[in-house]
Structure formats: structure tokens, C-alpha cells
Amino acid sequence: MLHTINKSPFLYYNLESCLRFAKDGDPIIFYEDGVYAVAAGTKVESMMKNALKKHPIYAIEADVKARGITKVLDGVYLCDYTCFVGLVEQHKVYPWF
Amino acid sequence: MTEKEKSKIMFVMRKAPHGSIYAYEGLEAILIMGAFEQEISVVFIDDGVFALKKEQDTKALGVKEFSKTFAVLEDYDITNIYIDRESLEQRGLSADDLVIPVKVMEAGEIAKIMEEQHVLLPF
Numbered sequence: 001m002l003h004t005i006n007k008s009p010f011l012y013y014n015l016e017s018c019l020r021f022a023k024d025g026d027p028i029i030f031y032e033d034g035v036y037a038v039a040a041g042t043k044v045e046s047m048m049k050n051a052l053k054k055h056p057i058y059a060i061e062a063d064v065k066a067r068g069i070t071k072v073l074d075g076v077y078l079c080d081y082t083c084f085v086g087l088v089e090q091h092k093v094y095p096w097f
Numbered sequence: 001m002t003e004k005e006k007s008k009i010m011f012v013m014r015k016a017p018h019g020s021i022y023a024y025e026g027l028e029a030i031l032i033m034g035a036f037e038q039e040i041s042v043v044f045i046d047d048g049v050f051a052l053k054k055e056q057d058t059k060a061l062g063v064k065e066f067s068k069t070f071a072v073l074e075d076y077d078i079t080n081i082y083i084d085r086e087s088l089e090q091r092g093l094s095a096d097d098l099v100i101p102v103k104v105m106e107a108g109e110i111a112k113i114m115e116e117q118h119v120l121l122p123f
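Keeping their order, the protein sequence lines are chains S and U.
Be aware that the first sequence starts at 1, since it is given in our numbering, and climbs by one per residue.
Be aware that the second sequence starts at 1, since it is given in our numbering, and climbs by one per residue.
If you are wondering where the hints come from, they were derived from the structure by calculation, not from laboratory data.
Even for Gly, the Cβ is constructed at its ideal location relative to N, Cα and C.
A few of these clues could be false.
As the list claims (entries may be wrong) - Sample of chain S residues at the chain U side, in silico, Cβ under 8 Å:
1. Met1
2. Tyr13
3. Ser17
4. Arg20
5. Phe21
6. Lys54
7. Lys65
8. Pro95
9. Phe97
Stated by the list, open to error - Pairwise CB distance ranges (calculated):
10. S:Glu16 - U:Glu25: 20 to 30 Å
11. S:Thr42 - U:Glu25: 43 to 53 Å
12. S:Val93 - U:Ala95: 47 to 57 Å
13. S:Gly75 - U:Gly62: 42 to 52 Å
14. S:Ala66 - U:Gly108: 29 to 39 Å
15. U:Ala95 - S:Glu16: 15 to 25 Å
16. S:Phe97 - U:Asn80: 19 to 29 Å
17. U:Glu74 - S:Lys53: 27 to 37 Å
18. S:Glu32 - U:Leu61: 41 to 51 Å
19. S:Glu45 - U:Phe66: 37 to 47 Å
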């Protein structure tokens, strides 16, 4: 199952809930304000590093760049909308909004 | 419709009842889908558990109090109703505080059931 997150991890607990319910190996994609989770040096960095050990993690590059996030956590795949659609085609989707 | 053709549809309720329309809309959607004889299940996670809290009184607020409507799910043969134990406990609640009987489960067990669904509908 593909999990999607579009809310800031500093304002919502969607990231925590997603990680509690996602099964190992499930991909997670961050978009809109969700992409703040993949920035390096934040308070959710250790949570994200643990998540990276269990899940393929994607972030929409346009959203990352738009927010001036220049240091992205190692292991995060930056992807475009074609890649997003490809993931959605391959998996059932659960949006944590 | 044969058993094989039934879709497994799970409603995932994550919002508190009166601060937004999500929980109410979710309940409405469950009742609509319940009329189509699909295999419906409902799970309450995060603030979604507040929708089932006993003794809600919205008279002074002037909005519909819909928690009691969850009791009709049984009449629609919707009996697969789950709730996340951690979400309940974090909010100081237990199964006794809820308007209907639900299966209190761990996140891992709920994740397995989510995996089995054809469709997950977030509310």
C-alpha cells in the first residue's frame, strides 16, 4: 500500500500515524507541506531516518524546491508527477490528510 | 450479487466530530454504501475515536448530534467496526466510553485488515 502525506509534520500527527500503520516495505510519498518531513536537521529527522530503513520514501521535487528545502535526507527519492502517478498505479493508496 | 463480487471497502475515520464535517460525512457515506451490500468495515483512528464518545450534547452548539446514529450500522449488517487502542488510550478513553461496541485492536492488526481491502476511504 502507498501512503501519502501532504501536511506539515510540525502541525499535524499524520506522519506519526502513518508510520504506526504502514507495513514494512510500504512506500510513502510526501507532497505539498508534507515535504518538510524530508528536510535534514528537523525535529522529525530521527523518526524519518527510522522510516527510511523500513520504507521507500519519495517526495515531490517541485514541492521541495518551492519551499527552499536544499538539504534533503539521504535515501529520499525526489520524484515528479509522472513518478507519483506510476506509484499510484502500482499500489492501493491511503492518504493521511 | 454473489459473494465473490462484493468489494471490501473500509472507512477510515480520523477526525473529531464537530470541528469539521469529515466525521459526519463519513457516517453518511457509510450508510449510503451500506445499502449496496458491499463488505463494509469501519476503523476509528486518531481523533476519529472522539466521534464515538458517549454523552455528546450539541444542543447549545446548535449542530446535529450524530453519535447515536452509529448504532444503526448494526441494522445495515456492518459489524466489522474497529478502533485503535493507542488512539483511545492517548485520549483518556476506553471501550466503556463509547456509544457502540467496537473491536479494540493494535495498529499492526488494523494494518493487516487495511491491507486486505479493495478500497480505503479516508474521513
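Hints, verified against the model:
Below 8 Å, beta-carbon pairs count as interface contacts, and Met1 (chain S) has one with chain U at about 6 Å; its hint therefore holds. Annotation: Tyr13 (chain S) was flagged as interfacial toward chain U, and the flag holds, the nearest CB pair being 7 Å apart, inside 8 Å. About 6 Å separates the beta-carbon of Ser17 (chain S) from the nearest beta-carbon of chain U, less than 8 Å, and the hint is met. Taking 8 Å as the C-beta contact cut-off toward chain U, the hint placing Arg20 (chain S) at the interface holds, the least distance being around 5 Å.
At its closest, the beta carbon of Phe21 (chain S) sits 5 Å from a beta carbon of chain U; the interface hint therefore holds under the 8 Å criterion. About 12 Å separates the beta-carbon of Lys54 (chain S) from the nearest beta-carbon of chain U, more than 8 Å, and the hint is not met. Checking Lys65 (chain S) against chain U by beta carbon gives a least distance of about 28 Å; that is not within 8 Å, so the hint is violated. Given hint, Pro95 (chain S) at the interface with chain U, holds; its Cβ is 5 Å from that chain's nearest Cβ, closer than 8 Å.
Look at Phe97 (chain S): its Cβ gets to within about 7 Å of chain U, closer than 8 Å, so that hint holds up. Glu16 (chain S) and Glu25 (chain U) have their C-beta atoms about 24 Å apart, which keeps the hinted 20 to 30 Å range intact. For the pair Thr42 (chain S) and Glu25 (chain U), the beta carbons lie near 33 Å from each other, so the given range of 43 to 53 Å is not met. Our hint of 47 to 57 Å for Val93 (chain S) and Ala95 (chain U) is violated, since their Cβ atoms are close to 30 Å apart.
Separation of Gly75 (chain S) from Gly62 (chain U) is about 51 Å and conforms to the stated range, judged on CB atoms against 42 to 52 Å. Between Ala66 (chain S) and Gly108 (chain U) the beta carbons are some 36 Å apart, a value that agrees with the proposed interval 29 to 39 Å. Between Ala95 (chain U) and Glu16 (chain S) the beta carbon distance is about 23 Å. The supplied range of 15 to 25 Å therefore holds. The supplied range of 19 to 29 Å is met by Phe97 (chain S) and Asn80 (chain U), whose beta-carbon atoms lie about 23 Å from each other.
As the Cβ distance of Glu74 (chain U) to Lys53 (chain S) is approximately 42 Å, the hint placing it in 27 to 37 Å is violated. Between Glu32 (chain S) and Leu61 (chain U), the C-beta spacing of about 31 Å breaks the proposed range 41 to 51 Å. A beta carbon spacing of about 41 Å between Glu45 (chain S) and Phe66 (chain U) agrees with the range 37 to 47 Å that was offered as a hint.
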